[in-house]
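Visitor: Sequence:
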Amino acid sequence: MEFNGINLSNEKKFTLFGGLNVLEDLDSTLHAVNEFLSATSKLDIPFVFKASWDKANRSSIESYRGVGLDKGMEIFSLLKKEFNVPLITDVHEIDQVPIVSEVVDVIQIPAFLSRQTDFVLKVAKSYKPVNIKKPQFMSPQQVKHIVKKCNDTGNDKIIVCERGTSFGYDNLIVDMLGFKAMKDATNNAPIIFDVTHSLQCRDPLGQSSGGRRQQLVELARAGMATRIAGLFLEAHVDPDSAKCDGPSALPMNLLRPFLEQVKAVDDVVKALPDLKIY
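Okay, so the sequence shown: first residue is 33 according to the working numbering, each after it adds one.
Think of the hints as simulated: they come from the structure by calculation, not from any bench.
Among these hints, one or two may not hold up.
[Unchecked claim] 35 Å max Cα-Cα, derived DSBU-like pairs, lysine-lysine:
(1) Lys154 with Lys180
(2) Lys103 with Lys212
(3) Lys112 with Lys44
(4) Lys275 with Lys308
(5) Lys176 with Lys45
(6) Lys113 with Lys189
(7) Lys160 with Lys112
(8) Lys74 with Lys181
(9) Lys103 with Lys308
(10) Lys295 with Lys308
(11) Lys157 with Lys45
(12) Lys189 with Lys302
(13) Lys295 with Lys45
(14) Lys74 with Lys160
(15) Lys212 with Lys157
(16) Lys215 with Lys157
(17) Lys87 with Lys74
(18) Lys180 with Lys103
(19) Lys113 with Lys157
(20) Lys295 with Lys180
(21) Lys154 with Lys176
(22) Lys87 with Lys212
(23) Lys113 with Lys308
(24) Lys275 with Lys103
(25) Lys103 with Lys74
(26) Lys181 with Lys112
(27) Lys302 with Lys103
(28) Lys181 with Lys157
(29) Lys302 with Lys45
(30) Lys215 with Lys308
(31) Lys308 with Lys112
(32) Lys44 with Lys180
(33) Lys45 with Lys87
(34) Lys44 with Lys295
(35) Lys181 with Lys87
(36) Lys74 with Lys112
[To be verified] For each label pair, taking beta carbons as the anchor points, the in silico distance ranges come out as:
(37) Ser109 with Ser198: 20 to 26 Å
(38) Asp306 with Asp102: 43 to 49 Å
(39) His63 with Lys157: 34 to 40 Å
(40) Arg253 with Lys74: 31 to 37 Å
Beta carbons are placed, not taken as given, at the ideal position from N, Cα and C, and that holds for glycine.
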């Protein structure tokens with residue numbers, strides 16, 4: 033799949049979908065874009081900036097949700113003008129799709145909404161590249177039905193994103209066998225790995241998700257070893273003060289050394305012949 037000069041493929045060098053969990057303000061957003069662009073340009077990693085303008089599925093009504101649609105599109109438009117960087121963000125309602133598709137390059141379907149057929153079809157009919165977050169409750173093989181819904185609109189630019197699977201209450205795990213299962217089920221659609229949200233670990237009595245960012249390196253390296261198209265990563269200059277999902281975010285000062293390790297794994301795996309066992 034090609035968009036914005038990026039060749040997104042399970043066989044090509046990985047693309048980083050990286051940025052902030054949620055837009056907090058303009059200054060922090062500009063800082064994040066600069067940090068990600070600096071690291072990815074030095075390491076020759078294709079890059080798409082990600083951030084949400086609305087976190088519509090927060091656990092608590094009191095939790096911060098974002099800057100809103102109008103302000104979000106204003107910030108994204110500024111980023112396009114200033115940096116000419118590809119953008120990905122999510123939508124949560126059908127009427128948001130045409131507005132967001134005018135600004136960003138890739139539209140994301142949230143995991144909790146990826147079974148909503150009318151919503152999925154509307155997003156696919158934007159004819160933008162679509163990133164489907166695999167629901168925590170869905171087997172890897174079942175994503176083929178979501179991909180087919182999108183394909184049936186005539187949109188073949190479909191990405192599938194692993195973000196962990198429910199393991200009992202309030203916990204997620206990542207089944208490394210699932211990456212190949214998703215490739216096989218979707219005719220080798222580009223698979224990306226959301227390592228950030230896969231490390232969520234909820235506090236049953238808390239108002240927001242906890243996380244295990246101490247395990248980011250191990251999980252990211254393991255995922256990249258499965259020969260996939262990209263990594264989905266969130267970072268923050270001060271994760272402990274982040275307004276959403278800080279416990280799972282990479283400290284921004286570790287971005288380059290983190291990416292160096294991820295890239296090293298990807299380079300080794302992609303240099304190997306694709307050994308198929310039947």
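Visitor: A separate judgement is required for each hint: does it hold in the structure or not?
Guide: Hints, one by one, checked against the model:
no.	hint	in the structure
1	Lys154 with Lys180	holds, 14 Å
2	Lys103 with Lys212	violated, 39 Å
3	Lys112 with Lys44	holds, 25 Å
4	Lys275 with Lys308	violated, 44 Å
5	Lys176 with Lys45	holds, 24 Å
6	Lys113 with Lys189	holds, 24 Å
7	Lys160 with Lys112	holds, 16 Å
8	Lys74 with Lys181	violated, 38 Å
9	Lys103 with Lys308	violated, 48 Å
10	Lys295 with Lys308	holds, 23 Å
11	Lys157 with Lys45	holds, 28 Å
12	Lys189 with Lys302	holds, 22 Å
13	Lys295 with Lys45	holds, 8 Å
14	Lys74 with Lys160	holds, 28 Å
15	Lys212 with Lys157	holds, 27 Å
16	Lys215 with Lys157	holds, 23 Å
17	Lys87 with Lys74	holds, 31 Å
18	Lys180 with Lys103	holds, 33 Å
19	Lys113 with Lys157	holds, 26 Å
20	Lys295 with Lys180	holds, 31 Å
21	Lys154 with Lys176	holds, 18 Å
22	Lys87 with Lys212	holds, 30 Å
23	Lys113 with Lys308	violated, 44 Å
24	Lys275 with Lys103	holds, 17 Å
25	Lys103 with Lys74	holds, 31 Å
26	Lys181 with Lys112	holds, 30 Å
27	Lys302 with Lys103	violated, 40 Å
28	Lys181 with Lys157	holds, 10 Å
29	Lys302 with Lys45	holds, 7 Å
30	Lys215 with Lys308	holds, 13 Å
31	Lys308 with Lys112	violated, 41 Å
32	Lys44 with Lys180	holds, 24 Å
33	Lys45 with Lys87	holds, 30 Å
34	Lys44 with Lys295	holds, 12 Å
35	Lys181 with Lys87	holds, 25 Å
36	Lys74 with Lys112	holds, 20 Å
37	Ser109 with Ser198: 20 to 26 Å	violated, 37 Å
38	Asp306 with Asp102: 43 to 49 Å	holds, 46 Å
39	His63 with Lys157: 34 to 40 Å	holds, 35 Å
40	Arg253 with Lys74: 31 to 37 Å	violated, 20 Å
When the structure is compared with the earlier hints, violations turn up for hints 2, 4, 8, 9, 23, 27, 31, 37 and 40 and for no others.
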